[in-house]
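Colleague: In the order they appear, the protein sequences are chains A and B. The first sequence begins at 1 in the numbering used here and counts up one residue at a time. The second sequence begins at 1 in the numbering used here and counts up one residue at a time.
Hints should not be assumed to be uniformly reliable.
Taking lysine to aspartate or glutamate and the EDC-like style, the derived pairs with C-alpha atoms no more than 20 Å apart in a straight line are [unchecked claim]: (1) B:437 with B:425; (2) B:187 with B:145; (3) B:221 with A:60; (4) B:535 with B:259; (5) B:221 with A:97; (6) B:448 with B:411; (7) B:260 with A:181; (8) B:260 with A:180; (9) B:221 with A:84.
For each label pair, taking beta carbons as the anchor points, the in silico distance ranges come out as [what the hints assert, rightly or not]: (10) A:84 with B:213: 26 to 32 Å; (11) A:79 with B:321: 39 to 45 Å; (12) B:370 with A:69: 52 to 58 Å; (13) A:154 with B:440: 49 to 55 Å; (14) B:370 with A:68: 53 to 59 Å.
Hint data in this document are derived by calculation from the structure and do not stem from the laboratory. Quantities reported herein were computed from a predicted structural model and do not represent experimental measurements. Glycine included, each C-beta is placed from N, C-alpha and C at the ideal position.
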Amino acid sequence: MLIRYSIRRLLETIPTLFIISVIVFSLVLLIPGDRVLVMLGYSGGDIADVISPEVYAAMEIRLGVHDPIPVQYWRWLSRALQGDLGTSALHSIPVIDIILGRLPATLYLAFASIFFGALLAIPLGVAAAVRQGTWVDRLANGIVLFGLVTPGFWVALMLVLLFGVYLGWLPTIGYTAPQDDFVQFVKHLTLPTIVLGLDFAANLIRFIRTDFLEQMREDYVRTARAKGLSERLVIWKHIFKNSMLATVTVLGFDISRLLGGSTVIETLFAYPGISFLLIQSIFNRDFATVQGVVLFLAMIVIFMNYLADILYALLNPRIRYE
Amino acid sequence: MKSSATWVRFLTGAGIGAVLLAVAAACGAEEPTPTAAPTPTAEFFEVSDSPIGDVGVGEAEKWEERQGGTLIFGSAKEVTSPHPYTTSSSVDGHTKEATWLEPLLQLTGDGGLAPVLATSWVANEDLTEWTFHLREGVLFHTGQEMTSADVVWSANYVMDANNAARGHGDMAPLVRSVEAVDKYTVKFNMVGSQPSFPIIISDISVLSIIPVGALEPGEIKVSVGTPGTGPFKFDEWVPASKTVVVRFDDYWGGKPYLEKIVFQLIASATGRGNALRTRELQIAERLSPIFAGRVESGDIGAIEVSAATLSGYRRMMFNVDSPIFDDIDVRLAAMYAMDMQKLLDEAFFGLGTLMDAAVPPGSVWDEALRECCPRRTGDPEKARAILAASSYAGERVRLVVGRGQGEPIGESISRQLREVGFEVDLQVLESGVYDEKQSTGDFDLTPKSASWGGDPVIDGAGRWRCELAERVNNNQSRYCNPELDVLIDNYYGLTDLDDKLVQYKKIATILYDAAVTKHMGWNFTRFFGWNDNVKGFEHRGEGGYTRGPVGGGLWRVYFED
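Please work from the sequences and hints to get the whole structure.
Modeller: Structure follows, in structure tokens:
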């Protein structure tokens with residue numbers, strides 16, 4: 001049953017992907033700017049430019065910009081289906097290579113932030129619900145409020161000043177691959193992880209606390225207690241499992257968000273992730289890279305949602321039959 | 001160890017900030033006369049030994065005493081490709097020229113030329129041939145010697161339209177053919193008389209010398225830098241992240257001190273400043289005026305800063321084809337309405353120097369300008385009077401600015417225009433839309449920025465010549481005056497500075513009388529900063545850090561204990 005459900009959900013993602021591909025391709029066509037000029041290296045015009053008509057014409061032919069839009073779309077899509085997301089106009093190398101080159105750094109940051117956030121959020125969210133109204137609850141609410149109302153860039157700047165400038169404990173820019181130097185890898189990852197993890201935790205604590213409180217009022221909890229189970233068993237074996245539905249939803253969305261939406265933080269820490277690549281590509285009008293990155297991120301969002309659906313089905317078998 | 005005062009300041013600031021954020025969250029014309037080009041003598045162009053090479057000789061004994069190591073340079077923009085013949089920004093060009101690529105010769109910053117890979121150059125009588133004598137013993141990073149064959153190959157590669165080289169538009173119309181006279185002599189056969197050819201190829205984005213066959217025909221997908229002749233060798237390039245170069249021990253000018261330079265892209269000026277303080281960076285460019293001010297006031301220690309005073313200037317450009325500004329009186333009224341000192345104060349903390357045209361302050365060009373074209377300072381009364389007598393009938397002026405630094409400019413200018421009676425529609429746009437509107441003429445008034453290239457006419461020729469096209473990439477004011485085109489053409493035939501100054505004055509007068517552009521000034525918003533143990537770093541004020549006869553660039557940088 002689960003396999004059938006998984007296959008059905010997988011097939012449902014195909015039209016979504018197709019629509020996204022049309023939107024991504026069309027949106028990029030609507031962005032003002034001349035991709036021929038970008039391809040020729042004219043990205044902002046802060047050097048006195050003399051543009052040669054011959055070179056311009058040669059590049060127009062090479063890029064096929066005069067082909068009908070459906071032809072251009074089909075060419076782009078058929079290449080994308082084979083893993084070729086085009087060539088970056090700015091960097092003149094395949095977009096997929098650029099994305100794959102940045103993927104490890106992005107994944108490390110995303111998963112480290114989720115791990116840190118979950119480590120903070122799950123015990124605090126559960127404790128806040130179980131000990132509602134106590135100092136633990138107030139602490140959890142304080143963290144939620146701080147995380148939600150404080151802009152990430154401000155937290156980042158404060159952490160940079162404290163741990164980088166004043167204490168000198170942690171680096172404030174860059175990234176080191178774990179295979180090159182694991183200690184430096186951890187150090188470089190720490191500050192951006194704390195910033196993103198705090199934001200993630202604030203969201204998660206709210207969901208866990210609310211869901212936990214709802215579950216605690218359910219009949220099966222009363223039954224579990226009535227049959228003499230210890231409070232620890234009631235909380236972690238019965239309530240926790242059922243309250244994970246909301247957590248899985250948040251996780252699905254937040255992993256997608258962390259993979260593609262940490263632009264400000266990656267910019268501040270000069271962290272070579274995919275978000276930073278995307279914003280640089282937009283500023284530089286590197287259309288092929290923007291198309292490639294957006295499509296890649298859209299696929300990740302769809303895949304994470306798909307995974308979340310499967311986890312839902314695992315956690316709540318009734319979903320499979322609906 | 002930090003002082004307690006610093007700690008108190010930090011904690012207080014952080015605390016106040018947090019409280020404020022929490023509270024906020026809870027609450028919810030002279031007649032132009034074409035000038036004939038003088039006939040220069042061959043000696044005029046003959047240049048002897050390189051001052052760069054001379055510097056290298058004396059440095060050899062100091063080499064062992066000075067510490068090299070790795071220098072991390074915080075760049076505001078990236079090297080977008082290690083390809084030698086695509087250059088997307090000034091930072092891209094500076095980085096390549098400061099490290100692994102070299103031109104035949106180089107502008108000295110005061111309009112002169114200095115030898116780099118060519119030790120001398122000479123033209124024939126009618127300036128239709130240029131012969132360059134190459135420096136002997138120059139090695140490429142591959143170890144092979146640079147010869148005339150490499151120069152011929154590089155020049156031909158650039159001039160082939162199929163290779164999409166940036167320098168194609170500069171070189172191909174001027175050069176008929178290139179030939180190797182002997183192993184160390186190259187002759188460029190020109191299309192007609194071309195006295196300014198050496199200046200044109202002194203730009204690294206036009207022609208750098210790489211070995212024969214270093215690129216395939218039409219090759220634009222490059223992820224590894226081609227070998228060059230510079231003091232550093234290309235090592236690694238990570239798109240939108242960093243470019244790494246390493247020392248080239250056999251550099252013809254002498255071995256550099258630094259073993260490695262990492263040009264790290266840090267897009268945020270705050271990030272660059274913080275990383276300089278933590279010494280994760282040793283040099284950073286384009287630091288903010290606020291950061292520079294704190295360093296200069298002593299608030300931030302152990303760092304030195306220096307303004308790139310010629311890094312860029314801004315001007316307000318009218319669209320003379322627009323229904324509002326096709327009347328010169330309306331343009332003049334707007335010119336007198338705009339007080340550039342106010343603009344400089346309001347938008348750039350007063351950091352900068354006013355200018356009347358795109359020439360460095362105090363230069364011979366500046367002196368020539370003062371003689372012909374008195375400054376039009378802000379004068380609201382005069383502006384109102386001219387506006388009242390003009391054809392202006394209250395139409396909304398489309399003032400188009402780019403997001404970011406364009407915003408304060410737009411706010412200041414729109415306010416000043418409104419004060420004298422203009423209606424203004426301020427449009428703050430993303431860079432792509434902003435560029436597009438300028439290209440298609442969908443604006444009335446807009447700020448433009450540019451940088452100094454060493455000669456005001458050669459720099460400005462593109463934006464002054466008639467460009468009759470629907471989409472305009474160079475002359476976006478759309479001012480077209482065939483007389484001006486003739487003067488510019490004739491200017492290219494001049495070699496004597498005095499003649500050039502006379503001709504420049506005529507050109508400047510036409511532009512002044514046409515009231516097409518009002519220059520704001522050189523804005524000192526870009527600062528270099530470096531740790532106080534970094535020695536030997538020099539820049540030439542224009543924002544670059546190019547190794548050359550005037551500035552030391554990164555080639556002679558070393559660390560002191």
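Colleague: Each of the hints needs a verdict: does it hold here or not?
Modeller: Each hint, compared with the structure:
1. B:437 with B:425: Roughly 14 Å separates the two Cα atoms, so the pair holds.
2. B:187 with B:145: Within the cut-off at roughly 19 Å; holds.
3. B:221 with A:60: holds (16 Å)
4. B:535 with B:259: holds (15 Å)
5. B:221 with A:97: Judged against 20 Å, a Cα distance of about 12 Å means the pair holds.
6. B:448 with B:411: holds (15 Å)
7. B:260 with A:181: Distance ~19 Å between residue 260 of chain B and residue 181 of chain A Cα, so the pair holds.
8. B:260 with A:180: Answer holds: residue 260 of chain B to residue 180 of chain A is near 18 Å, not above 20 Å.
9. B:221 with A:84: It holds: about 14 Å lies between the C-alpha atoms, which stays within 20 Å.
10. A:84 with B:213: 26 to 32 Å: holds (28 Å)
11. A:79 with B:321: 39 to 45 Å: 42 Å Cβ-Cβ, so the 39 to 45 Å window holds.
12. B:370 with A:69: 52 to 58 Å: For residue 370 of chain B and residue 69 of chain A the Cβ distance comes to about 55 Å; the hint holds.
13. A:154 with B:440: 49 to 55 Å: With Cβ atoms ~40 Å apart, the hint is violated.
14. B:370 with A:68: 53 to 59 Å: holds (57 Å)
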